[in-house]
Structures are given as structure tokens and as C-alpha cells.
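Engineer: So you can see what is in the structure, the chains are spelled out below.
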Amino acid sequence: MPQVPLAGYLALASALFVIGAVGFLIRRNPLTMLMSIELMWNAGNLAFAAFARSFGDMSGQIFVFIVITVAAAEAAVALAIVVMVFRHRADVDVDEISVMRG
Amino acid sequence: MDHHIAPPIPFILFFPLIGAVTIALLGPYADRRASGFVGTAAVFMSFVVTVWLAIVVWHLPIDQQATFTHSRFLGYWVDLPPYLVISFRMLVDPLSIVWMLIITGVGFLIHLYSVGYMAPDKNYRTFFAYMNLFVVAMLLVVMADNFLWLLVGWAGVGLASYLLIGFYYDRRSAVLAARKALIMNVIGDVGIMIAIFLMYAHFGSVAYQDVFSSLSRASVSSLNWIGVFLLVGAVAKSAQLPLQTWLPDAMEGPTPVSALIHAATMVTAGVYLVARAHPIYDHAPIAAGITAAIGGLTALFAATIGTVQYDIKRVLAYSTMSQIGYMMLAVGIGAYAAGAFHFVTHAFFKALLFMAAGIVIHNLSGEQDIRKMGGLAKRMPFAYWTFLAGTLAIAGIFPFAGFFSKDAVLDQALKLHHPWLQAAGTIAAFLTAFYMFRLLLLTFFTGAYRGAREPHHESPWTMTWPVAILAVLSLIGGWLVLPGHDLISGALAASFVDTRFGQFLGEFNWPLSIGTLVIAIAGITLAFALYELKSGAREWLRLRLAPVRALLMNAYYFDDVYHYALEMPSYALAGFFARYFERQAIGAIPRALAGLASFFAGISVGWETGYLRRYGLSIVVGVALLLAFYFFLTSAALGGR
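Chains as they are written, first to last, in numbering that gives the first Met the number 0: chain A, 0 to 101; chain B, 0 to 640.
None of these hints come from the bench; they were simulated from the model.
You can take every hint at face value.
Selected chain A positions facing chain B (in silico; Cβ < 8 Å):
no.: 1; residue: A20
no.: 2; residue: F23
no.: 3; residue: L24
no.: 4; residue: V93
no.: 5; residue: D94
What follows is a list of derived Cβ distance ranges for each label pair:
no.: 6; chain 1: A; residue 1: I25; chain 2: B; residue 2: G621; range: 13 to 23 Å
no.: 7; chain 1: A; residue 1: V21; chain 2: B; residue 2: R582; range: 54 to 64 Å
no.: 8; chain 1: A; residue 1: I61; chain 2: B; residue 2: F598; range: 44 to 54 Å
no.: 9; chain 1: A; residue 1: Q60; chain 2: B; residue 2: F598; range: 48 to 58 Å
no.: 10; chain 1: B; residue 1: I602; chain 2: A; residue 2: I67; range: 35 to 45 Å
C-beta atoms are modelled at their ideal positions from N, C-alpha and C, and glycine is treated no differently.
Produce the complete structure using the sequences and hints provided.
Structural biologist: Set out below in C-alpha cells:
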């Protein structure tokens, strides 16, 4: 089985991260934005796993698990906020939710 | 007597302390009568232990009496050898025991009296908590073994006095009187503090034993200064000239308070202080001379004011001032035993007078103006007979207590070659007899009751019994010193072993005693002539002596002088600083700081848009810039290699 080089994984991870970042910046639906954030998380995860494999060091793999856990917690909190905002305003455009500004 | 069982001395202090705390914390959860019971019982238990202690100590040989309890060590307060060590020990020598017996004994009777007197009051529980607090602080004053603990108790009685004068806090006059008393007392506290600093500077210690055993290390002028500053404290607490104006106003407090604090015990703390510090005064002739002069002057000064006052409690307040003047005179000339003797008898008859007056006031629902009283002897025979006993005692009529103790003071003044002070005391004795009988006649005889409030209720036994007991003590209290037999000097000998004035009060100077008695009777006769016989002499005198009368009615205008000379300038100064310095100068600093903060806030507030995606963009741009910077750094490093 041919080995995929490290640079290939990193190129994919970079691509995923940029897609996530751009998606976060241009979409106004909070659910889509959350999915974009998820993409960025996983771009990072992919890079971690690739480096871990490449250097034969397991700590990168372990860090992936930690990131997945934190991402799950983040998604839970963010979805709860989104649900509450939707209940109050029947509208989920993030540009409308700017009452918290200083 | 079993000398091996030592009385639990600390409990004398702990009982009222526990009483005060218990009433304060648990009072609201119990029946209101419980507070009165706990407060009274606490003082009674202290009294029992004190009597036990007194019996044990006075059965010891004289050379062991003073050192009996120097080992009662309760702990360190400051433990910084070699600079300063302040331990808390209980000093119990005969001098303290005399005071402790009066504080707890008379204190118990007054607590019992208060159970009846204060019964209708809504703050009944608070009253007993304060009263117990006072007893603790006063016991601390006389049981401390160093000047610093004495000052703690000294300030404590000031606090209790302040709280109790202002007890009727919904009356403006009471609150003002309380404040006045506190301010005057704090002047005294500062005086004692300065004396303590001086003692530490000269002797390196503030414990009585250390100071008194190393007096030779200080010069006479230093000792004079220490004595004078201690005297400032004594004068403020004992309401002597020129810090006397708070005492008449202190009569705003409930009558049992006047009896306990402003007559029998607290105001004599100054006398105790001078007697306690007698080794200093023995070596400080100027300070001792000032003490005696202030005492003599105050005795005379207060007695003259007493002759024209119309408030029953104010007359008694001025008489207290005058009697404490006698005590100060005695301790100032070195007649410590005579001063202590007059303290004991005065505690009996003055507490009696206040409490009998309290019965009158109580029965008249708060009426205190003797112009509206009169003819009350038939309506209130009990109050009349007991008040009469107190009046005879204070006027110095044989065989009542005042006769013996006042003559002891005057006799000592003569023996120690102070004819002027003896003369002042004799004139004051004449005036005392006059104004006390004026008070008695106006209250109980002349005319008829003209007040708006009808006498209505009977006094409960808790009020009558203490008064009856004190009436008996006012009669027999003076018999502690009879010709050739002197219990007071004997009892106090151990405390005054080191003084250069050896005294024996039992040597009566009969011509002097009879002379004073005649003078007192002359005063009584004058009172009868002016107030009982319808001779017209009173009106004649009133017209002729109108300016003098105005002077006396206003207590020599001391209050006004203090108002214009001290109070107004300090108010003006404070007003000036408040208006200009405080607002313009000091206020500028916080205003500038606040302006600075809001300036920066104004800049940064623009960044807070509330748009989530803009925050996201900021993050991305920031990260991109950081990365670019990082790449620039690494490429520069690589290129430089």
C-alpha cells in the first residue's frame, strides 16, 4: 500500500481549515457556523494525527481525543444557546443578536 | 477559714461578661423577664465570689495581702521581650477589693432595682446587656495589674456609659448628652494614653509593679508630667473641673444608670486611679497639688450650682460632682484611706438618693421638675423616709455615714496642713446641707403636687428592697470608722504600705467634727427658713441675687464658653475644609482618575460591536498577522545565517 506523505495530510488539513474559517465568516446561520467551527476543529485533529503517525509519538493521538471531548462540550453549549435564542426571537441570524455589545 | 481553697477570681469578671453575652445573643429568644434575672444573677454571683475573696484576703497577714493574687496569670497580650511584655494578671489587693465590693454589691442592688424600674421599657433586654457590660468594664479597671489593661476597662466604661446615657435614643437630648459624655471621656482616655507612653519611655514597662518599683529612674518633673496626664483621665471620668459639663447632661439616662454609673461607681474611677497610682503622686508634688486643688474647687463649685437647680436628678448630679471633689481632694493630699472611705459611704447614700428619686419619678410617670412637686411625703412615705436617710447622710449629720467620711477628709486636710482646702470643703459642706434640704423640702413638703401627671402606680418589691438596704447602709456605713477603731485604714493598709502619709482615721478631731456638724445644721436651718417658712426672705433674696442666680443656673456658663471657644471654631474650621479643601483639592484627585478611566473606555467601546462574525474576522486577521510575523522572523533568521 503506497504511503501518503505527511505533506498530503497537511495540505488536506489546511484546506479543511480554510473552508471552515471562510464558512464561519460568511454564513449567518448559527448552525452552519457551528458546522464550520467543527471543520476547523477536525482540520487540527487531522494535523495532530498525521504528525503523531509521522514522528511515531502517541501524544498527538491522545490530544485528538481531548480535542474531540472539548469539541463535544462546545457543541452542546453552543446548541443550547442557539435553541434558547431561537425560542426567544424566532430568528437565528447572528447579526441580529448583537444586544450584548458594550 | 480555709486558706487553701482560693476563690475563683477570674469568675468575678466572667460572670457579668457571660451575662452580657447571653442576654445579647439569647435574650430575644427567651421570656423578657429572663434577661433581668440573668443580668441580676450574674452580678450577684460576682458579688458572692468577691465577698469570699475579701474574707480570704483580709484574713491574711498584712504583708501578704497585696501580693496575694499576683500569680493569677491569664495570658499575654503583648509578648515581645525585651521591648514590651504586657500580660493580663488580676491584681487583687485591698484597694481593688474595696472597689470590687461596691461595684458588685451596690451594682447588684441597682440591677435588682432596675428589674422593677425598667419593666415597662421596650428595650428591657438591651438595658441589662449594657449594664452587665458596664460591670465587666468597671471590674476590669480595678482588677487590671497594668496601666494598659486599666485603659481598656477605662474606655469600656466610657462606652457603656455612652450607650446607657443614650439609652432613650429616640430623644434628641439623650443622644446629644451621650455624645458629649463620650467626647469628654475620650479627652481623658488620651490623657492616660500619653501618661502610658511617658511611663514606657521612662520605665520600659506599664505594669504597676515595674513602674512603682523603678520610680527613682525618672526625674521629679517627669513624674509630675505623668501624674498630670493621668489626672486628665481622672478629671474627665470623675467629672471634675474643667471637664465636668457632661455629668449633669448624663442624667438623660435611665435613673438606675445614674445611680450605678454616674454616682456610685464609674465617676469614682478617677479617685481609684489616683489612689492606685499613689506612688507616682507621692513623688510628684505638683501633680498631687493640682489634684487636691481641682478636688477642692470642684467640691465648692458644684455645690454652689446645686443650690439653684430645679431638676431633681441634676441637683443630685451636681452633688455627686461635689462629693467626688472631696474624694479627689483627699487622694490629692495623700489621704488615700479617707478618699476610699468617702467613696464607700458616697456609693451607699448617692445610690440611695438616686433610687429614691427614681421611685418618685417612676410614680409620677417621668416628672423630674421639683417646682411641680411638693407634699409628696404623705403620698410616698417610703420614698420620703429613704430619701431623708440619704439626705442626712450626704449632709453629714451624725450618726449617718457622711458625717464620718466627710469629717475624715476634712480632718486629714487639716492634719496634712491644707487649711485652704479644708475651708473649701467646709463651705461646700454647708452648701451641701442647704441644697439637699432644699431638694427634700421642695419635693416632699412645700406646697402641693402641681404636675400634669397623677401619681399612679405602686413600686414593686424589687425597687423597694434595694432602696431599704441602701438606707440602712447609709446609716451604718460610716461606723466602719469610729473613735479608736478604724476598719478602713486597717483594711487598706496593705495597699498603702509604701506611702509616706501614714494615717489613722480613728483619731477623731472632735472640735472639727462638731464644728462641721454645726455648719451642716446651719445649712439645713437656712433651707427651712427659705423654703418652709413663709417669710418672704426667699423672694427678697431672689431679687437681690438675680445675677448670681443666673450665673449658677447656667453652671457658670461653662457650656457656653466651650460652645463659643471650642465648638464653634472647630465647626467653622471643619466647614471651611469641607467646602473648599475637601471638594476642591482632595476631590480633584478622584475626579481626574475617573476622567482618565472613562476616556480610555470611550476609545475601546467602539470595538465592541456585538456582531459575532466581526469578532471572528478579528480573530482570523489576528492569527494571520501573527503567522506572518512568525514567518518573517524565521526567514530573517535563516537569511541571516
